[in-house]
Amino acid sequence: MKKVLTVDDSKVVRTMVTRALAPYGCQILEAANGKEGVEVAQRERPDLILLDVTMPVMDGREALIEIRKSKDTQATPVIMLTAESGRDLVMEIAKLGVKGYIVKPFTAETFAAEVDKVLGAPSGQPAAAAAKANPKCVLVVDDSERVLEMVKTTLAQAAEVVTALSGTDAIARYAESKAGLVIVDLVMPDMDGFATLAKLKAQAVSGSRFVALSVRGDQDAKEKAQKAGFVAVVEKPIQADVLLALIQTGADGEDGADGFVSEEGGCPVLVVPDAQAKSFGRFLPAAQKALRALAEDGNDRVIVDLAAVTVVNTALVKCVVEVMSQAMGMGLRTAVCATSATVSALKDVAETRDAVYAESRQAARAAVG
Amino acid sequence: MSDQLIADAAREVLRTTACATVSDIGPTEAANRGADSVIAVLGMVGTRPGTLVLYCPPTIASALAGGMLSMAADELDEATVTDALGELVNQIGGTIKRKLAASGGEIMLAVPSVVRGSSIALRVMGDGTPLAVDLLVDGGAVSLRYWQPRQARG
Numbered sequence: 001m002k003k004v005l006t007v008d009d010s011k012v013v014r015t016m017v018t019r020a021l022a023p024y025g026c027q028i029l030e031a032a033n034g035k036e037g038v039e040v041a042q043r044e045r046p047d048l049i050l051l052d053v054t055m056p057v058m059d060g061r062e063a064l065i066e067i068r069k070s071k072d073t074q075a076t077p078v079i080m081l082t083a084e085s086g087r088d089l090v091m092e093i094a095k096l097g098v099k100g101y102i103v104k105p106f107t108a109e110t111f112a113a114e115v116d117k118v119l120g121a122p123s124g125q126p127a128a129a130a131a132k133a134n135p136k137c138v139l140v141v142d143d144s145e146r147v148l149e150m151v152k153t154t155l156a157q158a159a160e161v162v163t164a165l166s167g168t169d170a171i172a173r174y175a176e177s178k179a180g181l182v183i184v185d186l187v188m189p190d191m192d193g194f195a196t197l198a199k200l201k202a203q204a205v206s207g208s209r210f211v212a213l214s215v216r217g218d219q220d221a222k223e224k225a226q227k228a229g230f231v232a233v234v235e236k237p238i239q240a241d242v243l244l245a246l247i248q249t250g251a252d253g254e255d256g257a258d259g260f261v262s263e264e265g266g267c268p269v270l271v272v273p274d275a276q277a278k279s280f281g282r283f284l285p286a287a288q289k290a291l292r293a294l295a296e297d298g299n300d301r302v303i304v305d306l307a308a309v310t311v312v313n314t315a316l317v318k319c320v321v322e323v324m325s326q327a328m329g330m331g332l333r334t335a336v337c338a339t340s341a342t343v344s345a346l347k348d349v350a351e352t353r354d355a356v357y358a359e360s361r362q363a364a365r366a367a368v369g
Numbered sequence: 001m002s003d004q005l006i007a008d009a010a011r012e013v014l015r016t017t018a019c020a021t022v023s024d025i026g027p028t029e030a031a032n033r034g035a036d037s038v039i040a041v042l043g044m045v046g047t048r049p050g051t052l053v054l055y056c057p058p059t060i061a062s063a064l065a066g067g068m069l070s071m072a073a074d075e076l077d078e079a080t081v082t083d084a085l086g087e088l089v090n091q092i093g094g095t096i097k098r099k100l101a102a103s104g105g106e107i108m109l110a111v112p113s114v115v116r117g118s119s120i121a122l123r124v125m126g127d128g129t130p131l132a133v134d135l136l137v138d139g140g141a142v143s144l145r146y147w148q149p150r151q152a153r154g
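Which chain is which? The protein sequence lines are A and B, in order.
With the first letter of the first sequence counted as 1, position 283 gets the number 283 in the working numbering; the numbers rise by one all the way through.
With the first letter of the second sequence counted as 1, position 8 gets the number 8 in the working numbering; the numbers rise by one all the way through.
Just chain A, same shape as in the assembly:
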């Protein structure tokens, strides 16, 4: 069994990390400061250390130096997990050698993306991780037979539809079908949509997308669904064209394009695809990796190019916010290049209101200096 050491002065954070690591089936070791962390690391030789920066007694930077000094731990993979950021810190840490950098607050996806690099896919499910979803199959989970029947009828010509009346039933149906699209009602007896999603994600195969069903106008449920990892929220009563659009989006599949990073007069550019493009789902993980590489290479600026964006929706806003936040966390000055319509729409959203905008890459380059 692999061992993971979490070093953080907050017991709450160590508990959050322990829960997030549950699918990996590893032994969790804890330390409340850098000094304890170094001692536990040398004694237990963990396979991965998750290390906070700001801690009493000995901070994360000092601890990392000590970990790298010892022949027992000098090669141990370390991922920084911290609210601290900034270009100088990232550069300093990078020189000491770390596998990744997770900035708090972090989402489950961000955490998993970094930890997977060291521990591999969670739950000891290499076969499942390697398996592909069936893009033609849709699994619908709802405690209402009427809703299931409606979806089945609507999608009859477009997809193979599998239904489940409960979360427990859904887990069994998903294991059999490997559905490419899973639509889950948020409100169900026994196991609600969020708990169902968590169970399904623990056994998810590559390519499955999870969409929530929510009562119209329930904004809180929508926000929670998006945070929980649903890629979209469909409101009840369900509109047929919305369901068919979901199927079409998934049917486009993945492409091999790797063109998210470009350059404008020496300034790196992140090219954001349209939220409805087939490559959109791959953009954020690629962007996070690219931003880290840019910071480690000594860059101090980046242009976020939204010229390809035609529709500003929740997914796009979330993506832009995440990219801007990650970039700022890495100490990169940012400017967003977009059409006036996109800029106008983004300025209507609190989270993106104060970004630096320009209508061309050249203007964006001038804006970031």
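For the record, the hints were derived by calculation from the structure and aren't laboratory data.
Hints may be right or wrong, so weigh each one.
Unchecked claim - Covered stretches of chain A (in silico footprint by chain B; criterion: 3 or more residues with CB under 8 angstroms from a CB of chain B, positions within the stretch not fixed): (1) 6 to 20; (2) 47 to 61; (3) 78 to 84; (4) 102 to 113.
All values derive from a computational prediction rather than experimental measurement.
Note that CB positions come from ideal geometry on N, CA and C, so glycine has one too.
Could you slot chain B onto chain A? The hints should help.
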């Protein structure tokens, strides 16, 4: 530094880490919060030095801690709630730092401290009126205040 920046950072942290529902609230409504509070304090030094303070009613503090740990609020002991509030103010400070870095601001964070009780008077090494943000979090009023020394403003 602006109240908008503090509000954005707080919303991001409370939603992402504590899975809380967050909306804006008027100062009048915020002023009606009870006297009992959990207060988390974070010192910040550097080009934008100051003190960030998070005021939270005990019930909301427990709800936030529960959101962080996916546990019911009544399952949590006082030490856990205190720890959670310290972590939240630390993450809010870290997010402010990250956002300030975009405009060249460089700050470092101290280790947060948390106190709880009723009729608490908090004296902050600052002067004048702090930047103020009031939010409705999981149905309760949560307030943030940021005190800056006079020479650091501008």
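Hints and how they fare:
no. : hint       : result
1   : 6 to 20    : holds (count 8)
2   : 47 to 61   : holds (count 3)
3   : 78 to 84   : holds (count 3)
4   : 102 to 113 : holds (count 5)
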